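Engineer: Using numbering that gives the first Met the number 0, read the sequence shown as starting at 0 and increasing by one per residue.
Fair warning: there could be bad hints in the mix.
[To be verified] Okay, derived cross-link-like pairs now, SDA-like style, lysine to any residue, Cα gap no bigger than 20 Å in a straight line:
hint, residue 1, residue 2
1, Lys-139, Met-58
2, Lys-89, Ser-186
3, Lys-173, Cys-161
4, Lys-70, Ser-157
5, Lys-84, Leu-110
6, Lys-200, Ser-157
7, Lys-173, Lys-199
8, Lys-173, Ser-186
9, Lys-113, Ser-157
10, Lys-113, Glu-136
11, Lys-125, Leu-110
12, Lys-84, Ala-180
13, Lys-89, Lys-70
14, Lys-70, Lys-126
15, Lys-84, Gln-175
16, Lys-89, Arg-43
17, Lys-113, Ser-45
18, Lys-44, Ser-71
19, Lys-89, Cys-161
20, Lys-128, Leu-193
[What the hints assert, rightly or not] Simulated restraints, written as ranges between beta carbons of each label pair:
hint, residue 1, residue 2, range
21, Ala-189, Lys-44, 16 to 24 Å
22, Ser-171, Arg-43, 18 to 26 Å
23, Leu-159, Ser-190, 40 to 48 Å
Hint data in this document are derived by calculation from the structure and do not stem from the laboratory. What you are looking at is a predicted structure, and each value in this text was computed from that prediction instead of being measured. Each residue gets a CB set at the ideal place from its N, CA and C atoms; glycine is no exception.
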Amino acid sequence: MRKAEKKGDTDSIACLAMYGSLELQPDMRDLVDSMVERLRTLSRKSEGQFIAVDLRVEMLDKKGCQDSGEKSCFNAQEVAMFLRKVGFEKDTTVYVTRSRWDSRLDSLKDLFPKTYTKEAIVPADKKSKFLDSQDSELEKVIDFYISSESDVFVPAISGLLCANVAGKRIGSGKTQILVPADIPDSSASASSFLSSYISKKNHFAYSCFC
Numbered sequence: 000m001r002k003a004e005k006k007g008d009t010d011s012i013a014c015l016a017m018y019g020s021l022e023l024q025p026d027m028r029d030l031v032d033s034m035v036e037r038l039r040t041l042s043r044k045s046e047g048q049f050i051a052v053d054l055r056v057e058m059l060d061k062k063g064c065q066d067s068g069e070k071s072c073f074n075a076q077e078v079a080m081f082l083r084k085v086g087f088e089k090d091t092t093v094y095v096t097r098s099r100w101d102s103r104l105d106s107l108k109d110l111f112p113k114t115y116t117k118e119a120i121v122p123a124d125k126k127s128k129f130l131d132s133q134d135s136e137l138e139k140v141i142d143f144y145i146s147s148e149s150d151v152f153v154p155a156i157s158g159l160l161c162a163n164v165a166g167k168r169i170g171s172g173k174t175q176i177l178v179p180a181d182i183p184d185s186s187a188s189a190s191s192f193l194s195s196y197i198s199k200k201n202h203f204a205y206s207c208f209c
C-alpha cells in the first residue's frame with residue numbers, strides 16, 4: 000500500500016512539473032492574450048467562444064493516418080463536415096494551427112468562413128518578431144497556448160501537441176476535446192466524440208489535477 004501511495008506521490012510531482020509550471024514569458028504572454036482576445040472579438044455572435052483545430056496539412060501526406068487500424072488524422076473537408084454534424088454553426092470562429100493560409104484549408108473555410116491562421120490574428124506590430132522570424136518553436140508555443148485556451152479543441156491529427164494540450168486543458172478544467180470521426184448520419188452528439196483522455200481519464204495529468 001505504501002509503495003502504491005509513494006508511486007502516486009511521484010506521479011503527481013512529475014505531473015505538476017510538466018503541466019503546473021508551463022508559464023509564458025511576458026512578451027509571449029502578451030502576444031497570446033492579444034490573439035485570444037482577437038478570436039473572442041471575432042466570435043461575438045457565439046458569445047466569444049471559438050474552436051482551435053490542430054490541422055497541419057503538410058503532415059497528412061507524410062502520415063499513414065492509421066493508428067491500430069483506426070483513422071488518426073483528418074483533412075480540412077473531413078474536419079469541416081465533422082464540426083457541422085456535431086452541431087457547430089456556420090458563423091463559429093475557428094483557429095487553425097498554421098502560420099499562413101494554405102489552399103488545402105479552403106474546404107474548411109467554405110463551411111466556416113470565420114476560419115483563421117496566425118497571420119490573420121497576430122497584431123501587425125508583432126508579426127516581424129513572432130511570425131516572420133521563421134522560428135518554428137515560437138509558432139508551436141503559440142499553438143499550444145491558444146489550443147489550451149480555446150473553448151473547444153479539435154485534434155485533427157494525433158501526436159505530441161494533442162497530448163500536451165490535453166494535459167494543460169485538464170489542469171484548467173477545459174475538457175471539451177473532440178476527436179474527429181467519419182459520421183455516417185446527418186448529425187450526432189458532440190459528447191460522443193470526447194477524447195479518451197477525458198472520457199476515460201487516461202491522461203497522465205489526472206494524477207495531479209483531480
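Engineer: Indicate, hint by hint, whether the structure satisfies it.
Structural biologist: Consistency of the hints with the structure:
{"no.": "1", "hint": "Lys-139 - Met-58", "result": "holds (15 Å)"}
{"no.": "2", "hint": "Lys-89 - Ser-186", "result": "holds (15 Å)"}
{"no.": "3", "hint": "Lys-173 - Cys-161", "result": "holds (14 Å)"}
{"no.": "4", "hint": "Lys-70 - Ser-157", "result": "holds (10 Å)"}
{"no.": "5", "hint": "Lys-84 - Leu-110", "result": "holds (11 Å)"}
{"no.": "6", "hint": "Lys-200 - Ser-157", "result": "holds (17 Å)"}
{"no.": "7", "hint": "Lys-173 - Lys-199", "result": "holds (15 Å)"}
{"no.": "8", "hint": "Lys-173 - Ser-186", "result": "violated (24 Å)"}
{"no.": "9", "hint": "Lys-113 - Ser-157", "result": "violated (24 Å)"}
{"no.": "10", "hint": "Lys-113 - Glu-136", "result": "violated (26 Å)"}
{"no.": "11", "hint": "Lys-125 - Leu-110", "result": "violated (30 Å)"}
{"no.": "12", "hint": "Lys-84 - Ala-180", "result": "holds (10 Å)"}
{"no.": "13", "hint": "Lys-89 - Lys-70", "result": "violated (26 Å)"}
{"no.": "14", "hint": "Lys-70 - Lys-126", "result": "violated (36 Å)"}
{"no.": "15", "hint": "Lys-84 - Gln-175", "result": "holds (16 Å)"}
{"no.": "16", "hint": "Lys-89 - Arg-43", "result": "holds (13 Å)"}
{"no.": "17", "hint": "Lys-113 - Ser-45", "result": "holds (12 Å)"}
{"no.": "18", "hint": "Lys-44 - Ser-71", "result": "violated (32 Å)"}
{"no.": "19", "hint": "Lys-89 - Cys-161", "result": "violated (25 Å)"}
{"no.": "20", "hint": "Lys-128 - Leu-193", "result": "violated (36 Å)"}
{"no.": "21", "hint": "Ala-189 - Lys-44: 16 to 24 Å", "result": "holds (19 Å)"}
{"no.": "22", "hint": "Ser-171 - Arg-43: 18 to 26 Å", "result": "holds (23 Å)"}
{"no.": "23", "hint": "Leu-159 - Ser-190: 40 to 48 Å", "result": "violated (26 Å)"}
Hint compliance for this structure: hints 8, 9, 10, 11, 13, 14, 18, 19, 20 and 23 are broken, all remaining hints hold.
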